[in-house]
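The listed protein sequences correspond, in order, to chains A, B and C.
Here the working numbering is used: the first residue of the first sequence is 1, the next is one more, and so on.
Here the working numbering is used: the first residue of the second sequence is 1, the next is one more, and so on.
Here the working numbering is used: the first residue of the third sequence is 1, the next is one more, and so on.
Accuracy of the hints is not assured; some may be wrong.
Now the stretches of chain A that chain B is said to cover, found in silico as 3 or more residues with beta-carbon under 8 angstroms [unchecked claim]: (1) 176-183; (2) 194-202; (3) 206-220.
If you're looking for bench data, these hints aren't it; they were derived computationally from the structure.
Backbone N, C-alpha and C define an ideal beta-carbon position, used for all residues, glycine too.
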Amino acid sequence: MKIRFGVDYYPEHWPRSRWSTDADMMREMGLDVVRMAEFSWSLLEPVEGSYSFEWLDDAIDVLSGSGLKIILGTPSAAPPAWIITKTPEIQPIDPDGRMRYFGGRHHCCQSNAVYREHIKNFVFAFAEHFGNNKNVIGWQLDNELGNSHNELCYCKSCEESFRIWLINRYENIGELNNAWGTAFWSQTYQDFSQIQAPKLTAAGKNPSHQLDWKRFCSDLIIDFHKLQADILRKSAPEKFITHNLMGFSEKVNYFDLSKDLDFVSHDQYPGGHFLPKELVSNPEYNAAQLDLMRGLKKKNFWIMEQQAGITGWDILGRAPKPGQLGMWAMQAVAHGADTVVFFRWRTCTFGTEQYWHGILPHCGEPARYYDELKECIQKARLLMDEIRGSLPKASVGIVFSYDQAYAMEIQPHQWWGCISIA
Amino acid sequence: MKIRFGVDYYPEHWPRSRWSTDADMMREMGLDVVRMAEFSWSLLEPVEGSYSFEWLDDAIDVLSGSGLKIILGTPSAAPPAWIITKTPEIQPIDPDGRMRYFGGRHHCCQSNAVYREHIKNFVFAFAEHFGNNKNVIGWQLDNELGNSHNELCYCKSCEESFRIWLINRYENIGELNNAWGTAFWSQTYQDFSQIQAPKLTAAGKNPSHQLDWKRFCSDLIIDFHKLQADILRKSAPEKFITHNLMGFSEKVNYFDLSKDLDFVSHDQYPGGHFLPKELVSNPEYNAAQLDLMRGLKKKNFWIMEQQAGITGWDILGRAPKPGQLGMWAMQAVAHGADTVVFFRWRTCTFGTEQYWHGILPHCGEPARYYDELKECIQKARLLMDEIRGSLPKASVGIVFSYDQAYAMEIQPHQWWGCISIA
Amino acid sequence: MKIRFGVDYYPEHWPRSRWSTDADMMREMGLDVVRMAEFSWSLLEPVEGSYSFEWLDDAIDVLSGSGLKIILGTPSAAPPAWIITKTPEIQPIDPDGRMRYFGGRHHCCQSNAVYREHIKNFVFAFAEHFGNNKNVIGWQLDNELGNSHNELCYCKSCEESFRIWLINRYENIGELNNAWGTAFWSQTYQDFSQIQAPKLTAAGKNPSHQLDWKRFCSDLIIDFHKLQADILRKSAPEKFITHNLMGFSEKVNYFDLSKDLDFVSHDQYPGGHFLPKELVSNPEYNAAQLDLMRGLKKKNFWIMEQQAGITGWDILGRAPKPGQLGMWAMQAVAHGADTVVFFRWRTCTFGTEQYWHGILPHCGEPARYYDELKECIQKARLLMDEIRGSLPKASVGIVFSYDQAYAMEIQPHQWWGCISIA
C-alpha cells in the first residue's frame, strides 16, 4: 500500500476541451486522486429541483479514464443565488447585527431550517446520482466548516437554536443562573426565552454566556455536518466520509466532529499570506497542527489541501522556495498523513482567489511547481511505499482542550504572552 | 473624629452561611462601613412590583451585628431582565445606530420615560423599606454615572430630550442657527424638530452641535440622578446622598452633579489595567484627580472604591507591589479623603469582573492584600485620628472647565501633545 | 493676457457691512476673480420653491464694483434641511448599511430621483437668475465630486442604477457571468435583478464585481454632473463650466468628467493636515498631480482652491513656512495653471472648517498670509504676463488609467510597496 497524491480540481473553471489535457498531465505527474465539486452548487442545481449532474459525470469520466479516483465535496458552503433570492433571511447576521450578503462564500446560516431543507434535497439527489459511480471513492462534506465566520451567525434562528441547546444543557433556568453567575450585575434570567446570543452590550459581557455560545456554535456545526453525513452514509455506505479541517482553527471542536468521520483531512498552507509573520513557514507550528490532526482519531489522515504555490486573495504571500512545497508534503507524511492532495490544479483567472496559485500557473503550461511536485512524488514513492498506514510514536503528549481554548480566548488575561490559536 | 475605612460587599455572590465569617473578618481588619446593593435589582425585585428585600435586611443585620455601618446603592445601572423583556426599547442605541443589548451593565437609556417609571417605583419602595434602618447611614445613587457609554444613548427618546433641551437654551431656531454657525455648509435649520443627535455623517460634523450634545448629555445624567435623589431625600431626610465619581472622566459635569450631593465620593484604581501605560501608578495623575474631587464641593470627600488588588476584565493589570495599596489610600487621605472604602471584599468566581480582585482572593482565605490593608488601617488610625475633617491648603489653583474639555475633545487641534482627560 | 488670481469667498459667513471692506482688500491685493455660493443652498432656497437670490446679487454687486469677476458654484453638495425632512431617504447609505445623516456635507445620494428633481428645479432657477449677470463669468458644478464618500452610496436607488448600468454593459446575464467569473464559489446569477452593490460578505468578494461597481460609481457621478451642466449650458451658453478636481483622487474618472468641462480646475493643499506624512509639501507628488490635471484636456487649467494658510478640521496641519504659499501657486503656474484661486478669503469662526485658515485670520485683519500672497501676485505679474496660455512641453509621458487604479486598489497584491493613489 503506497502513499497517494492528488489534486483539487475545478473543471467548471475551464473549457471542456481542456479537461483531457489536464487529466493526462495529472497522470503524468503521478497523481492518484482528485477532489471536485465543493463549490459548484449553482452549476449542479441551476434552477430549484432541476439537477444538472451531467457535466460532472463527464469530468469524472475524463479523469477516471486516466486512472484517477474521485472525492466529491458537497457544495453547502456556497448556496446558489436563487436560494438567496427566494429566502434572503438565510444570509448570516454578524455580531454587530449586520447582514453578510451573497457575493463571497459562506453566505448562509447553518441553523436555518429552510436552508437545511435545500441541502437535504440536494445532497439526497447528489448521493443517489454519484453514489453508484465506482470512480467516486468518498465524500467531503461542506468545506472547512467553521471557516469564514469570526463568530457564527447571530440571527433569530441561531438564537432560538441556542436557547434549545441551553434547555438541553441546564434543564431549568435556576441551573443556568448558577452556572453563569448571573447574580453579578443583576443578570438573573427568569426564563430561557430571555436569553440572546452574546450580542453587543453597552459594557462588558458575561464570560460564561460567551463560553456556552462558543460550545453551542461548535455543536451546531457538528449537527449541520451530521445532517448531510446521515444521508450520504445511507445512500452509499461503502464510500468514506471525511472533512477538511484547519489545524488549530477553533470554531469546531474537532474531537467531536471527527467522531462522524472515517478519517480526518487537513488543509495546510504553511507559507500562507494570511499567517502572522512569525508563523510563516514555521516548522514547529506546522508539526503541532499535524500532530493534533493525527491525534483526533489516533490514526492516519489525509492532507486534502496542501499549498502548491503562492497563496493570495487581494494580497499575495511569498513564493515558495525551491523544494519547499515538497518538504511541506513530506513533513505531513512524516506526521501521519498517507494521502496528500494539492490545492489546486491550475491558478484561476477570476474570482476572489485569482492570486491563490495552483500547481499550474494561470496560463496552464507546466512550470516550476509542477516539476518540483512531480519529482517529489517520484522520490516519495521510492522511499515510502511501506510507510503508509504506519503512525509516528510520540514520546510525549500535549493536552489540547477546546473548552480551555475558548475560555482563554474570552479571558486571555494578558495581551502579551497569550498563545494565539487561530 | 477619625478617618474611616470600609469595603464594597456583594452578599448575593456568596452563600448566607459565609456572611458572618466575612463580617467578623471585616471587623477584625478594622473596617467601619460597607457599601452594598448597587447591582442587585434582579434579586431585590425578581418580579415586577414584588420586592424581595429580606435577604438584604439579613445581610445588613449580620454586618451591623459586627458594628459595621451600611451605605446602600440604588441599582439603576443594571435593570433586571424582565424590564428588558417587557420594554426592549430601553436598551441604548450607540452612535453607529446599533442597539446595545442586555448581558453586561448600563443596558438602559437614561431619558426613557418607561425606564424612569420603573426606577421611581423601585426607589420609592427601597427608600420606604431601608429608610427606617438605623444601620443604613446613606445612599449612593446608581453607580459611576456616565461610565460605560462612550457617548450617551442616541435613541429617539434621547433625541427628543435633546430638542427640548435646545428649545430651553435657545428659545428660537434663529438663535440656534447663529450659535451653531449653520450658515457653513448649508446647515440652517427651519425648526427644532429637524435636529438630531450628532449621528454618523458622510463627512464632517458641526462642532457646536457636538458641543451642545455633550452639554445635554451631562444635564440628562444630572436629571436622571435628581429623579432618585428627590425620592430618597423626602423618604429619609437624615441619611446622606453621595455618588461615586471617576476623577477626570468627563461624561458628567461633576461641578453640576455635586450640587445635589452631601459630599462627593471618588473611585480610584491607580494601577488599573485599563489605564494607558504612562498613567499606571502615576502619582501626579492620581493627585490631580484627588484635588479635582476635593475642589468640587471644597470639602472632604470619600473614596467609595479604592483598588484592593489586581484589576481585570478579560485581561489583568499588574499585581500591586507590597505596600502600594496602602500608599494609594494614604495619598487619598492626604488630599482630603476622610473615608476610604476598598473595592471589593472578595474576588468573585464569576461574571465580567471575575479577575477584578478584592481584598480576599477567590478562595476566601486572607492573604497579602488583607494583611497589608489591615496594617495600613492600624497605622493610619494612629497617625490620623485628628486629621479627619481638615483640608489641604493648596498654594496654587488650576482651572478646570468641562466646556473647555468638551471643546478640546471635539477639536483637539493636534494628535500629539493633546492632554487626554478620559 | 495675464495670469489671474482669485479667492473663494463666503459672504454668508459675515455681516453685509463687512462685504465692501473685503472687496476693497481683495482689489488691493491684486485679485481678479471670486468663487462663491457652492455651499449656500439653504440660504438661496430657504423654503421649497421660494428662492432668495437677492443677497447673492448684492454680494456680486459689491465685489464687481471693485472690478472682480464672479464664478458661481451650484450648491448640490449640501442640500438644505427641509429636503432631508421631506425625503430622508436621500441620505446616503454606507458600505456597512448605515445611513449617513444630515449634519456635515454630502448628505445626499447622487442617484436618487427625488433629489435630482430638487436639483433640476434649483439649478434652472439659479441659471435663469444669474445667467444674465455679466459679472458672473462661469459656473462650478457641485464641489469636489466624489469627495466625502469612501465609496459611493449603497442605497436601493444606487443598487437599481447599478443594475441598469450592468444591463447596458453586458446585455445578457450570461455575458456578465463570464466576465465576472461567477463559476468561482457558485456565484452564477440567473438574472440581473439578483445583483447588489458589493456589500458586506461573510468572506471574500468577487473582484470583477467590485471593479464594475467602481466604474459604475464614476459614471454615476458624471451623469450627476451632466444633469446640471445641460441646464446651465442651455440657459447661459456664453459662460464657462468647470469643476474643482482633486488630483489623484480616484472616485471619478477625470478623463471622462473633463469632456463635459470647458477647462478643468484643481484644488491643491500641498501642506494639508490630511496628507500622510511623506506627502506633506512633497514637490514631486504635487507636480505629478498638476501634470495629470494638465493632461486631462491637454490645455491650461485653473487652481480653484489653493491652500492659503493652515488647514484643519478637528486637528490642524503645520503653518506654511514664509514664502511657501506663493511657491505652491507658482509651481501650479509652471505646470500649466493660468488662474490661481486661493481658499479662502477669511478663516471662519464656526463650522467644521473653523480651523481651515484663509488669507485673513479669524479676526479679519491682514497678516502674514495676506502680505505674502499680495507680494507673490505682484511678482508673478511682472514675470508672467506673457506666460498665460502657454503649456509646458513634457519630455516624457506617464500613462495613468483609472481602470488600472481601481484594479490595484481592489487587489493591491502587497501591503508594502503598494503606491497609494488616494
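Outcome, coverage of the segment 176-183 of chain A by chain B - at least 3 residues whose beta-carbon is closer than 8 angstroms to one in that chain: holds (count 4)
Coverage criterion applied to the segment 206-220 of chain A (partner chain B; beta-carbon cut 8 angstroms; 3 residues): It holds, with 4 qualifying residues against the three required.
Between the segment 194-202 of chain A and chain B, see if three or more residues pass the 8 angstroms beta-carbon test, and mark the coverage as holds or violated. holds (count 7)
Taken one by one, the earlier hints all hold for this structure without exception.
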